[in-house]
Structure formats: structure tokens, C-alpha cells
Amino acid sequence: MKFFHLLALAVLLFFTLPVRADGNEFLSKCSVAVASLDQSVSSDKVDSVAELGYQFGYCMGFAQGFTGANYTYGVLAKDKVRLMCLPDRSIKNGQALRVIVAYMKAHPEKLHLEEIILATFAFQEAFPCSQQSTEKGK
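At position 34 of the sequence shown the residue is numbered 33 (numbering that gives the first Met the number 0), and the sequence of numbers has no breaks.
None of these hints come from the bench; they were simulated from the model.
Simulated restraints, written as ranges between beta carbons of each label pair:
#, residue 1, residue 2, range
1, Pro-127, Val-48, 33 to 41 Å
2, Val-80, Ile-115, 12 to 20 Å
3, Ser-47, Lys-77, 44 to 52 Å
4, Leu-75, Glu-124, 18 to 26 Å
5, Tyr-57, Glu-108, 20 to 28 Å
From the three backbone atoms N, C-alpha and C, an ideal C-beta is built for every residue, glycine too.
Whole structure, please, built from the sequences with the hints as guidance.
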């Protein structure tokens, strides 16, 4: 009986391990999603409509989760130091995804890093806090 409990625990732990993609995987999936947004996906880039739907959903979901988490942090952090300063809820998921993909294409030397790290670098470059405070003062 103890063996089955240990086996069940091992299976449970195996299937709940976090799945993270590096920049290479993310760029491969999400370049196709951006091309889909631009309506320029050719049939040789994807094997099926289902695969395109998966890639599009994954990438747009990542963009929405990333911007949503940062917006929430901005509200909760108030006067604390922030890594990036997003425009007030005006950034759309497609724009967020384009920012991330453009950064990855411009920095292939960093594609070994995790997607969340690269997304953070992309947004720090695109939306630095010093720029936001300067724009608000205008």
C-alpha cells in the first residue's frame, strides 16, 4: 500500500512541475502568432489550424498574464521601485506580444533565458520608468 502512495505522489509531482520555455521556444511559437495578427501566416509555417490556434492562444495568454501582473503590481506597489512603468492599461495584448517578440529578435544572444525574463527585459526597454515620469511631467 505504501508503494502505491509513493507512486501516486511521484506521478502527481511529475505532472505538476512548472513548464517553462526559453526564448527560442517562445520566439518560434509567438513569431507565428504575431504573423497571424498581421494576417501574414503562410501555410508552410504551421502544420494545422489547431496548432496555430494553440500558439496564438498561448502567446496572447502569456502577454495578457504578463501585462496584467505588472499592472496589478503597479497598483499595489504605489511608491515602491518598479522594474517597468506600463502606460495606464492602454497596452493591448497584441502590442505586448509584439514588444516581446521584437526584443527577442533583436537580442538572439539572450534566447537561452526563460521567456519571463526576456519579457521583463523587453518591457524595461520599451517602457522605462524614467520615460514615464518625464512624460507625465510634460
